[in-house]
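Respectively, the protein sequence lines represent chains S and V. Following my numbering, the numbering of the first sequence begins with 7 at its first residue and continues without gaps. Following my numbering, the numbering of the second sequence begins with 8 at its first residue and continues without gaps.
No lab work stands behind these hints: they were computed from the structure. Glycine included, every Cβ here is placed at the ideal spot set by N, Cα and C. Honestly, I wouldn't trust all of these hints.
Simulated restraints, written as ranges between beta carbons of each label pair [unchecked claim]:
{"#": "1", "chain 1": "S", "residue 1": "E42", "chain 2": "V", "residue 2": "D62", "range": "20 to 28 angstroms"}
{"#": "2", "chain 1": "V", "residue 1": "H11", "chain 2": "S", "residue 2": "K108", "range": "39 to 47 angstroms"}
{"#": "3", "chain 1": "S", "residue 1": "R26", "chain 2": "V", "residue 2": "N131", "range": "52 to 60 angstroms"}
{"#": "4", "chain 1": "V", "residue 1": "Q79", "chain 2": "S", "residue 2": "R26", "range": "23 to 31 angstroms"}
{"#": "5", "chain 1": "V", "residue 1": "L156", "chain 2": "S", "residue 2": "P23", "range": "44 to 52 angstroms"}
{"#": "6", "chain 1": "V", "residue 1": "I92", "chain 2": "S", "residue 2": "D31", "range": "21 to 29 angstroms"}
{"#": "7", "chain 1": "V", "residue 1": "Q79", "chain 2": "S", "residue 2": "E24", "range": "53 to 61 angstroms"}
{"#": "8", "chain 1": "S", "residue 1": "E106", "chain 2": "V", "residue 2": "D91", "range": "44 to 52 angstroms"}
{"#": "9", "chain 1": "S", "residue 1": "G182", "chain 2": "V", "residue 2": "E68", "range": "41 to 49 angstroms"}
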Amino acid sequence: MQLFSDFSVNIAMNGRPEDRRLVEDILQGRKGAFEELLRAYKKLVIHIVFRMIYNSADREDICQDVFIKIFQNLSSFRQEAKLSTWIGRISYNCCLNYLEKKRTFLMEDFWYEKNWDDLEGDIISPADSAVLTDLKDKVETEMEKMPVNHRLALTLYHLDGLGYSEIAEVLNLPEGTIKSYLFRARHYLKKKLMHHYHLEEL
Amino acid sequence: MIFHLNENDIQRYLDHQLTDQEEQKFNHHLINCQSCQRELKYSQEIYHLLAQEPDSQLSPEFEWGVLSRIQQEERISHSSIHDDIVMAILGCISAFGFIIYLYDFNSIMQTLSHFLPSLNHLWNMFKAVFTGIPGLFKSDYAVATLIILIALSFFEEHLLRKQSKPFLL
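Just chain S, with the same shape it has in the complex (with noise of 0.2 angstroms):
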């Protein structure tokens, strides 16, 4: 079943310039282009390559493929979108693809009513917080725990700087829902990290 393969999305935003140029330069068969446009966005794939696939051995495979598949649709591509759009909702369905091929399926949206009372309950000492050295690692345990669309929300708003209608279109989801995603993320992570790692104290 190929749910996840359509590559040629339609989006409706504002592409820029510099884009719209690379990617004429790339159909025109400019020497160099291509390149260009791996190192300006190779950022974003391996961010959402990492956040969906925990399989170490097949993250750079699934990496190379959004890209092969980036070079195969680029004609494909309307030049009205937001390229960094188009090309993160490649990577997502790169993704779900892999996953569905794994049997891997999302966790559900029941996930944090499942794992909130566990909050008052299992706090961490500090000499088992102190196992984790610093903040961030932290952060990367709880979002490793996350539902897959929940951590990849918070990755494409805070280190990609997709806005709210961007992370829809790559997820294909409404608005609203990647809103609620991103508030009960961070507010998940951050009860948690008080609770659990004595945010307070840090």
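With chain S's structure known, arrange chain V on it following the hints.
For chain V alone, coordinates are given in the frame of chain S:
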């Protein structure tokens, strides 16, 4: 009863989603409320942590790997256009050979040379080369057969290159 800022207000403030009026109220409350100041500080800390680049590294050969795969893709797409052109030409030559078999050859050549005078000359040259070899090709039909065989062998070679197994000769 004291109303404090809730998590939704704090996040909307940090996301610059509050209206001017809401932001004014927010700031006004914040000045006098230590508890909300603390909540805002924790949220800001979370935002700061989320904006830090995770340790996600690819191998140094990653870019080289992608670019070489793309070069391969380009080669395949160019060679497939080239193959299509060659196949079309060979198909025309084969069809010409079969027409020679089916119809009276001289009348075809007369009609064609009316439009393309050099074609008749070319055909005579081609025929002279093969019929000149003693005991080999003595008739127009034999030369036509040769044309078809040459065309088919090229056809086969291109198919072999495109597919893993031959289906003609």
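Each hint, compared with the structure:
1. E42/S / D62/V: 20 to 28 angstroms: holds (25 angstroms)
2. H11/V / K108/S: 39 to 47 angstroms: Cβ of H11/V to Cβ of K108/S: about 45 angstroms, so the range 39 to 47 angstroms holds.
3. R26/S / N131/V: 52 to 60 angstroms: holds (58 angstroms)
4. Q79/V / R26/S: 23 to 31 angstroms: holds (27 angstroms)
5. L156/V / P23/S: 44 to 52 angstroms: Because 57 angstroms falls outside the window, the suggested range is violated.
6. I92/V / D31/S: 21 to 29 angstroms: Taking Cβ atoms as reference, I92/V and D31/S lie about 27 angstroms apart, which means the hint holds.
7. Q79/V / E24/S: 53 to 61 angstroms: violated (28 angstroms)
8. E106/S / D91/V: 44 to 52 angstroms: violated (35 angstroms)
9. G182/S / E68/V: 41 to 49 angstroms: holds (42 angstroms)
The structure fails hints 5, 7 and 8 (numbered hints given earlier, in ascending order).
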